[in-house]
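Quick note: the sequence shown uses our numbering, first residue 25, plus one each step.
A couple of the hints might just be wrong.
What the hints assert, rightly or not - Cβ-Cβ distance ranges computed for the label pairs, FRET-style:
(1) Phe157 with Ser67: 54 to 60 Å
(2) Arg59 with Leu113: 34 to 40 Å
(3) Ile104 with Pro130: 39 to 45 Å
(4) Pro141 with Tyr108: 50 to 56 Å
No lab work stands behind these hints, which were simulated from the structure alone.
This structure is a prediction, so every number in the text was calculated from the model and none was measured.
Where a beta carbon is used, it is the ideal one built from N, C-alpha and C, also for glycine.
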Amino acid sequence: MYIFDQVANSDIEDPIRTLVLDFLSRVRGGMAPDRALLLMQKSLPHEHFVDLITAVRFNFKYRGKLGPLLEQMELHFHRIEEEYTHRRLTNLRDCKLTFMILAVVPPFFLIRLATNPEAQQAFGAISSGPLIFCLCLLLYLGAVAAFLFIWRHING
25 MYIFDQVANS
35 DIEDPIRTLV
45 LDFLSRVRGG
55 MAPDRALLLM
65 QKSLPHEHFV
75 DLITAVRFNF
85 KYRGKLGPLL
95 EQMELHFHRI
105 EEEYTHRRLT
115 NLRDCKLTFM
125 ILAVVPPFFL
135 IRLATNPEAQ
145 QAFGAISSGP
155 LIFCLCLLLY
165 LGAVAAFLFI
175 WRHING
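Please take these sequences and the hints and turn them into a complete structure.
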């Protein structure tokens, strides 16, 4: 509480000053510090501020009780690890689906070109046909290059 008094009396700017003053008035009014910190955390959703308030809440809750603090941190670590594993599996599934779509495009294009006279005329008979074919080929190769770049970035 001493630290929060010092922050409130310093020349810190708003909105932090207002948040600290609100926190102090809530705690002095009888609210539990953990609840007041939670309200303070919700009022300013900046990532680093949320991390700071979470650390302060842990400090208020587990003052010197290292065992429960470590158990709580281990629980959070396992949750983060599970989420990371889930995201990695989701990314892998998405990459496989993208690869299958990219692999299916050339055979379907060639089948369509071989069996459809309108497609043959569009890419062969018209004077701009080869230019359109080259543009389509460049766009496809760009998509493949982007996929490979993303795949390499994900897998390190």
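Structure-based check of all given hints:
For Phe157 paired with Ser67, a C-beta distance near 59 Å keeps the hint of 54 to 60 Å intact. The given range of 34 to 40 Å is respected by Arg59 and Leu113, whose C-beta atoms sit roughly 37 Å from each other. For the pair Ile104 and Pro130, the beta carbons lie near 41 Å from each other, so the given range of 39 to 45 Å is met. Between Pro141 and Tyr108 the C-beta distance comes to about 53 Å, which sits within the given range of 50 to 56 Å.
Going down the numbered hints, you'll see the structure goes against none, and every one checks out.
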